[in-house]
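Student: Listed below, chain by chain, are the residues.
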Amino acid sequence: MLTQNFIDTAGQPRPLIMIDRDWIASRREAVKRYLWKKWNLNGDDLEDVLQETMVAALQSFSNYEGRNNAEPGTYLIGIAKNVVQSYFRRRDRHEHRRASIDSAENIGFFFPDETEAEELAGFLREKISKLPANYVQVLRLIYYLDYKERDAAAEMGIPVDKLYSLKSDALKRLRKLCKDDPRFGP
Amino acid sequence: MSCTYQNRLDYIADYVRGALPENELETFEAHYLGCDECLANIRVMEKTVFTMRHYGATIFAPPITWSERLKIWWEELPLSQQWKSAMPAFATYLVIIGVLSTGYWWLKSSLPAGGFSHKESGEIATNAANKSLADVQHYGWTPPASNTTDPELVTRLAEIQPIYQARNYRVAADRLTAVVQKFPQSIEARLFLGISQLFLNHHHTNQAIQNLEIIIQSHSDHAAARWYLAQGYITKNRLDEARQQLTALKKQSDPSFGPQAENLLAKLSNFKK
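So the protein sequences, as listed, match chains G and D. Under this note's numbering, the first residue of the first sequence is numbered 1, with each subsequent residue one higher. Under this note's numbering, the first residue of the second sequence is numbered 1, with each subsequent residue one higher.
Heads up, none of these hints are tricks.
Calculated from the model, a selection of chain D residues having no Cβ within reach of chain G, i.e. all distances over 12 angstroms:
(1) Lys71
(2) Trp74
(3) Tyr93
(4) Trp141
(5) Asp150
(6) Glu159
(7) Gln161
(8) His222
In silico DSBU-like pairs for lysine-lysine, Cα to Cα no more than 30 angstroms straight-line:
(9) Lys127(G) - Lys71(D)
(10) Lys130(G) - Lys71(D)
(11) Lys179(G) - Lys130(G)
(12) Lys32(G) - Lys148(G)
(13) Lys172(G) - Lys162(G)
(14) Lys162(G) - Lys176(G)
These are calculated hints, taken from the structure and not from any lab test. Positions of the beta carbon are idealized from the N, C-alpha and C atoms, including for glycine.
Chain G with its partners taken away, still in its complex shape:
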């Protein structure tokens, strides 16, 4: 991806983002995640659509001009949407919903097998036990019991803005405790 300036109609220099083949190829995993998350595609459907999206992106990137600090991801999203809608038409599918992390079937998207997920659960238990009690409670209410922030705040007897701050701090602390584990690496 290259960034250079262009002169707009008012004669002012503005950043111009240009994308290339290497950049597109490097976004494959991100596009795959987007297709899964946004369009709930799995298995062969996912692989097919991903492949079509990447090919289409590589064929037409020279037309892209990322003016006014536009996110280059919008280019990929635009292409992915077209490919998916065309794919759905061919398959006579008209509805879609977002993939949910609540579905245990999605485990294969994050872990090679269930054993690794169980190991990570043990690891997280150990790390979370080192957090202050209010951090543990906020993680439990929001991420395990799926409380809305307002309900979790009421449960804990604290203002909602305080809960948001607690939630943010708890995740940062947890991330810090886990950062040396390869499962949480880059």
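Mind docking chain D on chain G? Use the hints.
Tutor: Using the frame of chain G, we list chain D on its own:
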């Protein structure tokens, strides 16, 4: 381009669990499709949130007690049920073996090296018969003699003397052994070492005799050493040697030990040779 979602783990976690408002979803998706940092954070948050959501019962369970932990450890032990049911009996067996071994080693350490020979066993029986004959009495230890000049020796003897006087012969013997090793010429240390050893078990009597004999070799007029040497011989059923010592003691006409030696000789004359 700098990442506008830097350090926004909570925001990313909300995206992962599907809690972002619809109007923010596309903006964030357009961003992370081009941002390595956010993609890495999404990967981590997906694992974390998925695990918390599906394994929360384990992760957020209250801390378990030691007994529960032990039970879990036992259940997770990679042994067949057959082995596990045999384990208590095996543990009991080990405890019994442990107790017996400890008892054996304790007994062995308090017996002479190699145990009792047949001859020594006979001696023990004879010793029992001689118990009334031998008359080992405590010999009072006055403060160290003035002819002892070495200050270290004086200090060490002064420390041991009250221990001996308190009839703590085992401790006294241990300490006097060390003193005798360092000061082999000290008659006083050797005498009280020999006497202390006479009060200990059968095994120490031989050592007592050796120490007292050494004194007599260099100080043939030492009445106390001779008297206790005779006691040692009697204990070990070496009656002829005991008679010799008592006869010599009688000839010394020692006011303290002379009459006692005469009495004991009379008793010994009635005793079979």
